[in-house]
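Engineer: Protein chains in written order, with our numbering: chain A, 1 to 197; chain B, 1 to 197.
Source of the hints: derived by calculation from the structure; they are not laboratory data.
Where is the CB? At the ideal position from N, CA and C, for every residue including glycine.
Be aware that one or more of the hints could be misleading.
Not the full set, but computed from the structure, chain A residues with beta-carbon under 8 Å of chain B [claimed, not checked]:
#1 Glu115
#2 Thr118
#3 Gly121
#4 Val123
#5 Arg124
#6 Ala165
#7 Leu173
#8 Ala189
#9 Ala193
Which chain A residues face chain B? A few, computed with CB under 7 Å, are given here [claimed, not checked]:
#10 Lys44
#11 Ala166
#12 Asn176
2 protein chains.
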Amino acid sequence: MDKRRARGERTRSRVLRRAAELASVDGLDQLSLGRLASDLDLSKSGVAVAFGSKQELQLATVAAAQDVFLEQVVAPALRAAPGIERLRALVSAWLAYVRDRVFPGGCFLVAVLPEFDTRPGPVRDALRESRRAWLDLLTGEAARAQADRDLGGDLAAEDVAFEIAAVLAAANLARNIDDDETALDRADAIIRARLDR
Amino acid sequence: MDKRRARGERTRSRVLRRAAELASVDGLDQLSLGRLASDLDLSKSGVAVAFGSKQELQLATVAAAQDVFLEQVVAPALRAAPGIERLRALVSAWLAYVRDRVFPGGCFLVAVLPEFDTRPGPVRDALRESRRAWLDLLTGEAARAQADRDLGGDLAAEDVAFEIAAVLAAANLARNIDDDETALDRADAIIRARLDR
């Protein structure tokens with residue numbers, strides 16, 4: 001890759017990281033190329049050339065946020081053994097990702113899903129895929145934990161996954177709206193009680 | 001009340017009902033007096049006089065949506081006996097309210113809370129109060145159910161309430177994003193299993 005292209009890639013990734021941070025607070029609709037350019041001290045035309053339409057920018061932002069999620073939440077948890085240990089590790093890593101404000105609004109996906117959940121189109125499709133991947137990951141580990149008899153079988157694995165993801169999402173919202181970090185501890189306690197049963 | 005004032009009240013309540021419907025899909029930020037006036041075949045100036053600022057309109061919309069929630073979810077459930085029966089009735093009434101699309105985006109509060117959760121101000125305060133009232137209602141019935149020994153005590157009543165509200169909110173989102181009504185049945189099954197334990 002020549003220098004100019006490498007610089008273009010770096011700029012693009014800075015823009016997308018900032019876009020994901022802003023969207024986690026204000027939503028994907030509020031993203032503007034002008035705001036991003038001025039925040040990052042770039043020319044608006046340069047940013048516009050890199051992304052084209054607002055929808056392209058939104059889609060690239062969703063993809064960039066997903067990369068951060070994979071790096072911050074999924075990758076560390078994959079070091080734990082499959083099954084109940086990995087399920088617990090995913091919950092811990094998710095809570096750390098929100099507690100540490102990797103994105104200022106907390107979980108990117110939790111922040112932007114409700115904005116697009118009733119608006120058909122490519123952005124909603126991308127968010128649906130992202131949510132599905134997270135639920136599938138939790139479901140797989142819950143199923144393994146049940147097969148290992150480390151987790152009770154009163155609910156299907158996908159219901160356990162649904163419940164865990166629901167409590168985490170609610171904790172993100174509770175932390176934000178009440179300005180209360182203990183909401184994350186509460187979610188941890190609720191999920192721990194769920195997994196210990 | 002004279003006729004003119006009565007007509008003003010009717011217009012105001014039509015506007016707010018429509019505003020709550022629109023906000024449940026597009027969010028409170030997208031509300032516009034012009035759009036509401038044209039949707040309802042009213043003059044824009046008449047609507048503007050009734051509400052003044054956009055924030056006043058947003059606050060009045062939150063209050064109107066809360067009245068609908070009280071009427072559709074809380075009032076029917078209050079007919080059930082306090083404790084476990086009323087807790088089940090609240091869950092059933094909530095699921096019916098979302099299933100019947102009283103608001104096209106499902107639960108109004110679930111739809112708009114994430115939009116304002118990181119934006120301090122009167123709208124966020126109103127939404128926080130609304131959410132708090134819902135959690136307090138569930139917590140009170142869960143505590144009564146525990147005192148009656150109709151519900152296990154492995155979690156504090158407020159944690160049970162948090163968990164139930166979380167699963168319901170997640171079901172609303174899942175129904176919308178996957179266009180799949182069975183998400184509501186899944187939430188029902190998860191909560192039923194929770195309450196039967």
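Engineer: Indicate, hint by hint, whether the structure satisfies it.
Structural biologist: Now the hints, each set against the structure:
no.	hint	verdict
1	Glu115	holds (7 Å)
2	Thr118	holds (5 Å)
3	Gly121	violated (12 Å)
4	Val123	violated (11 Å)
5	Arg124	holds (7 Å)
6	Ala165	holds (7 Å)
7	Leu173	holds (6 Å)
8	Ala189	holds (7 Å)
9	Ala193	holds (5 Å)
10	Lys44	violated (23 Å)
11	Ala166	holds (3 Å)
12	Asn176	holds (4 Å)
Going down the numbered hints, you'll see the structure goes against 3, 4 and 10, while the others check out.
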